[in-house]
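Given chain W, work out where chain A should sit, using these hints.
Chains W and A, in that order, are what the protein sequence lines are.
Per our numbering, the first sequence runs over residues 9 to 434.
Per our numbering, the second sequence runs over residues 9 to 434.
Note that these hints are calculated values from the structure, not bench results.
Since we're looking at a predicted model, the values are computed, not measured.
Warning: the hint list may mix true and false statements.
Computed footprint of chain W on chain A; a stretch qualifies when at least three of its residues, placed anywhere within it, have a C-beta under 8 Å from a C-beta of chain W [claimed, not checked]:
hint: 1; region: 46 to 58
hint: 2; region: 66 to 80
hint: 3; region: 143 to 151
hint: 4; region: 258 to 270
hint: 5; region: 424 to 433
Note that beta-carbon positions come from the ideal geometry of N, C-alpha and C, so glycine has one too.
Each chain, written out:
Protein chains: 2
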Amino acid sequence: MQEGRIGVYPEKGQSPHVVVLGAGFGGLRVARSLARRPVEVTLVDRKNYHLFQPLLYQVATATLSPDEIAYPVRNTLHNQQNLHFQLGEVQSIDLNARTVITREMAIPYDFLVVALGGQTNYFGMEDVERHGFGLKDLADATRIRNHVLSQFEKAVTEPDPEKRRAMLTFVIVGGGPTGIESAGSISELIRLVLRKDYPTLDFDDVCVILLERDHRLLLAMPEELGQATLEALRRKHVVDVRLNTAVESYDGHVVRLGDGGQIRAETLIWAAGVRAVSVLDTLGVEQDRSGRVVVEPTLQVPGHPEVFVIGDAAFCKDEEGRPLPMMAPVAMQQASHVAGSIIRLIEGRPLEAFRYKDPGSMATIGRNQAVAHIGRWKLRGFIAWVMWLAVHIYQLIGFRNRLAVLIDWAWSYIFYERAVRLIGPP
Amino acid sequence: MQEGRIGVYPEKGQSPHVVVLGAGFGGLRVARSLARRPVEVTLVDRKNYHLFQPLLYQVATATLSPDEIAYPVRNTLHNQQNLHFQLGEVQSIDLNARTVITREMAIPYDFLVVALGGQTNYFGMEDVERHGFGLKDLADATRIRNHVLSQFEKAVTEPDPEKRRAMLTFVIVGGGPTGIESAGSISELIRLVLRKDYPTLDFDDVCVILLERDHRLLLAMPEELGQATLEALRRKHVVDVRLNTAVESYDGHVVRLGDGGQIRAETLIWAAGVRAVSVLDTLGVEQDRSGRVVVEPTLQVPGHPEVFVIGDAAFCKDEEGRPLPMMAPVAMQQASHVAGSIIRLIEGRPLEAFRYKDPGSMATIGRNQAVAHIGRWKLRGFIAWVMWLAVHIYQLIGFRNRLAVLIDWAWSYIFYERAVRLIGPP
Chain W
9 MQEGRIGVYP EKGQSPHVVV LGAGFGGLRV ARSLARRPVE VTLVDRKNYH LFQPLLYQVA
69 TATLSPDEIA YPVRNTLHNQ QNLHFQLGEV QSIDLNARTV ITREMAIPYD FLVVALGGQT
129 NYFGMEDVER HGFGLKDLAD ATRIRNHVLS QFEKAVTEPD PEKRRAMLTF VIVGGGPTGI
189 ESAGSISELI RLVLRKDYPT LDFDDVCVIL LERDHRLLLA MPEELGQATL EALRRKHVVD
249 VRLNTAVESY DGHVVRLGDG GQIRAETLIW AAGVRAVSVL DTLGVEQDRS GRVVVEPTLQ
309 VPGHPEVFVI GDAAFCKDEE GRPLPMMAPV AMQQASHVAG SIIRLIEGRP LEAFRYKDPG
369 SMATIGRNQA VAHIGRWKLR GFIAWVMWLA VHIYQLIGFR NRLAVLIDWA WSYIFYERAV
429 RLIGPP
Chain A
9 MQEGRIGVYP EKGQSPHVVV LGAGFGGLRV ARSLARRPVE VTLVDRKNYH LFQPLLYQVA
69 TATLSPDEIA YPVRNTLHNQ QNLHFQLGEV QSIDLNARTV ITREMAIPYD FLVVALGGQT
129 NYFGMEDVER HGFGLKDLAD ATRIRNHVLS QFEKAVTEPD PEKRRAMLTF VIVGGGPTGI
189 ESAGSISELI RLVLRKDYPT LDFDDVCVIL LERDHRLLLA MPEELGQATL EALRRKHVVD
249 VRLNTAVESY DGHVVRLGDG GQIRAETLIW AAGVRAVSVL DTLGVEQDRS GRVVVEPTLQ
309 VPGHPEVFVI GDAAFCKDEE GRPLPMMAPV AMQQASHVAG SIIRLIEGRP LEAFRYKDPG
369 SMATIGRNQA VAHIGRWKLR GFIAWVMWLA VHIYQLIGFR NRLAVLIDWA WSYIFYERAV
429 RLIGPP
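Chain W extracted, bound-state conformation:
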């Protein structure tokens, strides 16, 4: 196992070795925040790129190219000498031996930051997991894009009207931001772009359905923004939104609902739940029901002050005792806090509890339409949409990706186009 150490991190006796697991929003920020600090940092990820997840649905709906929301992690090494990158999938973490085990090697650490993120939560519904589409990584997104476009290609020559309608029925489950953005974007893809691509198809056969088990959309936002979203989706985007509707099962052809109803659909996108990655189960510490590690207010693992957990992998509460949501701003603020805490530990200073400052949240519904909740402000419509665009361009990493996304957005907006309508390599 020692073979794996070659050239990756310093020999004993040098600076403390900080291992950061995951190059998502949290992990990447921890690594970067430790630049020019007296530590050696090894960042571990199973991908060689950082993925900008908030725009993943736009890859799934043919607006953006996968590479535009992916940023090569090794770019960050060019200007940070104390940073190393190790490609590898974490198999387990041995807290007592202070060692991370990947498929290829064992990586010892002095400090560990677990920022492994989340994965789709199917709540044990194996048939939905098998036949439905999750939306958590680039493979998911391109699978959805290929599948949706293929349904239209098939429908063109399908003589059976019932089969054709099933091919052209797209069910999205989950009324949170991902579900809403996916539903709005698929609906626009179909009505504004594919209508021109398939002049012989009857678009009355097309149906986009959004299912939400609760009584309203966007539960994390004020009620009036959920209501505004509902109206916009129904009116402008012709999305059939069904509230109080739970999914019981899906066999790839028929969605069975909790109320006994059913929908014939060849496509089901599951945006109804996220849980922490399952490798956290190897830690042997307390987890919440989403698999998140229950951490101290300092984000340390109880009994292991040298181990921090952040982002979707961590369960921690705000000052009013509410669990923090699984969202990028939480991960990024925690990352900055933890980078500081590691330096404090090295310097022998006491740690402070993490306090989350809610920067607000937003969701886009479609062209010229979004909702945003920032502090006491509740915005909707065009202003919220422009804010959404600006915030997302700003948060993207890398000038080339920002420029490329801007061009593709302008393209879609001006020409009612989607440039990446490719049924890609299998």
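Leaving out everything else, chain A in the frame of chain W:
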């Protein structure tokens, strides 16, 4: 089988039905040239996009994103009412029944244009086909990109120096334009970009080898341009070019050469041959040893005046009796000719023989370096390189793709970067 006809092409008694197989350079141009002509056109391809093959090697070497050289075929339908598109893989062609058989349907035709292109020719070397990489479609290109980048990730932690060198040895076979451009681009990727990504690797271990079985490079160009290319590759791009060297076998680890030598290499890219697609064998007509259909001077299939074959699928000779090369300009000129011939047949006018006007050829070696042979002009260096850039940008289809490619080229050129250094979804 008749089910497949719904909405795709006209009922009997209407305009003649022209079926075009393949949406490459030839097929797409035939289809477009028949706009506003008294025919209904069905374009059939197994992909839903037109691929700009001359830049495929830049996808393989992380400069361009796959979507930048792919253009959705259905875009061409927006402005051409007599054009229909059918996604499907041609299984066979029944010349007597005047029917094309795809996996899903039978498509009858009045006129047929076969523009199915070529595929990698391994000359029966099954081990090379299994363990080496071809470079004919987007899947090939992304496989090469993922593989090359993965070799560097593996080499970082490989303690055995001999294994590490094999991981970092990249063999390209074939001294034609594709082989030269791939070798030059991989070499630049490594020396200019990956060197920054892998600060702990010893780049003396890296080796790019170009093998050519003939005595010189770029056989289709004048000797002095081949010689200039050889010198540029050896001197500026540190490519180990070996002439008069044939490959005997490759097991994924060791390349055995015709002269008894061998090279340990985990990567072999096969750019040494193209043959016509094998579905042409179902025609039951005369083919050359590359599988190309031997056509009349009018590009018609002997005995079947309603069937034309063009591009890499056709074997035809120039005025001096030399076979035309398997290159895009040939396919495109033949396409224009055939579109005219179909109208002539409909109008009862006699056909003319196809005459190829050689627009010249060019190949890029790397930054600021290319060779070009245009008429009596033999160009090299910076001027040829600028011409190469201009010609390729001009030939790309779609403004968005042109802009995106320009940006990525500028990015690479100015910052010594490759934006798409992603080990993509498996």
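Hint check results:
Under the rule that three or more residues need a Cβ within less than 8 Å of chain W, the assignment of the region 46 to 58 of chain A holds, with 3 such residues. With 6 residues carrying a beta carbon less than 8 Å from a beta carbon of chain W, the region 66 to 80 of chain A meets the three-residue requirement, and the given coverage holds. Closer than 8 Å: that is the beta-carbon criterion, and the region 143 to 151 of chain A has 4 residues meeting it against chain W, so the requirement of 3 holds. Look at the region 258 to 270 of chain A against chain W: 0 of its residues bring a Cβ nearer than 8 Å to a Cβ of that chain, fewer than three, so the hint is violated.
Check on the region 424 to 433 of chain A: 8 of its residues sit with their Cβ under 8 Å from a Cβ of chain W, so the three-residue criterion for coverage holds.
Hint compliance for this structure: hint 4 is the single one not met.
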